[in-house]
Amino acid sequence: MKKGLVWALVISMLLSLALFAGCSKTPAGDDTKGSTDAAVAAIKARGVLKVGVKEDVPGFGLVDTATGKYAGLEIEIAKLIAKDIFGDETKVQFTAVTAATRGPLLDNGDIDMVIATFTIKPDRLETYNFTTPYYTDAVAMLVKKDSGITQLTDLAGKQIGVAMSATSKAAITEAAAAVGVTLTDANFSEFATYPEIKAALDSKRVDVFSVDGSILTGYVDDTTVILDARFSPQEYGIATKKQNTELATYVDNLVKGWLSDGTIDRLITDLNVVPPYEG
Amino acid sequence: MTGNGPFAWWRWQRLFSDFSLILGGFGRTLLVAALALLLALVLGTILGLFSASHSKILHAITRIYVEIFQNTPLVIQIFFYYNALPYAGVVLSSFMIGILGVGVYHGAYVAEVIRAGIGSIPGGQMEAARSQGFTNFQAMVYIILPQTIKIILPPLTNLAVNLIKNTSILAIIAGGDLMYHANSWASNGTLSYGPAYVVAGVLYFILCFPLAVWARRYENKLKNREFVTAETVELISEVIEC
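Quick mapping for you: the protein sequence lines, in order, are chains C and A.
Counting from 1, one number per residue, gives the positions in the first sequence under this note's numbering.
Counting from 1001, one number per residue, gives the positions in the second sequence under this note's numbering.
Errors might be hidden in some of the hints.
[Stated by the list, open to error] Beta-carbon label-pair distances, calculated as ranges:
id, chain 1, residue 1, chain 2, residue 2, range
1, C, Asp270, A, Phe1095, 45 to 55 Å
2, C, Asp222, A, Arg1216, 22 to 32 Å
3, A, Arg1216, C, Leu271, 35 to 45 Å
4, A, Tyr1087, C, Asp270, 33 to 43 Å
5, A, Ile1068, C, Ala96, 50 to 60 Å
6, C, Pro275, A, Ala1212, 43 to 53 Å
[Claimed, not checked] To give an idea of the chain C side of the interface with chain A (calculated C-beta under 8 Å), a few residues:
id, residue
7, Thr173
8, Ala175
9, Glu190
10, Ser203
It is worth saying that the hints were derived from the structure and are not from the lab.
C-beta atoms are modelled at their ideal positions from N, C-alpha and C, and glycine is treated no differently.
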């Protein structure tokens, strides 16, 4: 009887090991791909560019619930890339991503790139390629008007709701420490989506809803207010698979071009997006 | 293994250097599961006895309880405790919600198992006990329940396995359990979600697998005994399919 149990364990371990090996080897095989043209040619051959975008961030990536259409700065950038590849800006297929799904979707090849308020961080560069930032945001805080919180020094002992995979946790801890307020892990609650944080703020589970300022603007209502304090610049870049350096170079050159010829500035103005943060 | 795939070796090393976080979550999961199981057993036994009684009111209470908790998703129940109760002035910690939410939900299933278990004991047993001067309650405690325990242990163990897995629901309300910490670790730093979820899965497996194996063995042993028919055991297994 005991033997059977041991074997079951051994077999399941081996199976899972085989699984990991398979998973880690497949992407490595991509290394040998040719030039920039090859990476783009692969997308061209497929006939459509697949982009992961946000569906709940006004000004950046937002789905109009009536028409089902995406709109925002990041949507326009994706269309520009499609136009550059195919000469047709409609040949782009959007996939809604969250902070928790954008990485896996990129890794398993479901999408070619992520343009979804994805902050460039040194740690993240070990896992994905990022382009030159196309927008700079900053972490901000949304609070209930009647909470009495007006600045960073009021945060002592408060609960702060942040998004998983967002950089705001580290950013707030650092900014608070600079004004003498110590925050620990116990002060933070992480949620998978923004509406969940807003629900937690409304039910007073958390005192502060803190994510990037651009995202917060979509959640202001009669009872809440965004504090003036802005900290920790968040530079948004287009993320591509680490192994696919050709695609990364190609997209990076596009973004650099649009930054220098004023295309992106024009989009920001046209779409009424809050001007980039200049700390 | 040195590449940048989601399962690259260096990601595992990062995870193991932060392993105390995961272990902390594992401990929280264990504690919540143990206390929720206790609550589910107590609630389920009381309600199961209610439905075996002759009182229409007690029957009704049990039916309403069981139908409400079995026919709404656990995730909605948890969300309700977390985000709706505060409006009524009741603010429970995530930890308490874990115990109450998961315990109350599974209590409904335990009640059904106990009801079916009592129902599987031939009616003649009760009549015989009553004829010997036992009260209804005494007959239940000394004659009927001891016989049901053997029959309901396998399905109860399967329920315990489900309960352990369902504590992962706490992740959505920042409950600090194993799933929450795996999520949190996976979405910070180098975004190494691969090892985080595999390790979380393995840890849940280590908790659940021995229980499931034990339940299956015990069930097979029971099937070979004469006094409980295989049909009874299968009947109860069907009742708790969830």
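Task: Non-conforming hints, listed in increasing numerical order - done: Of the numbered hints given earlier, those the structure breaks are 2, 3, 5, 6, 7 and 8, listed in rising order.
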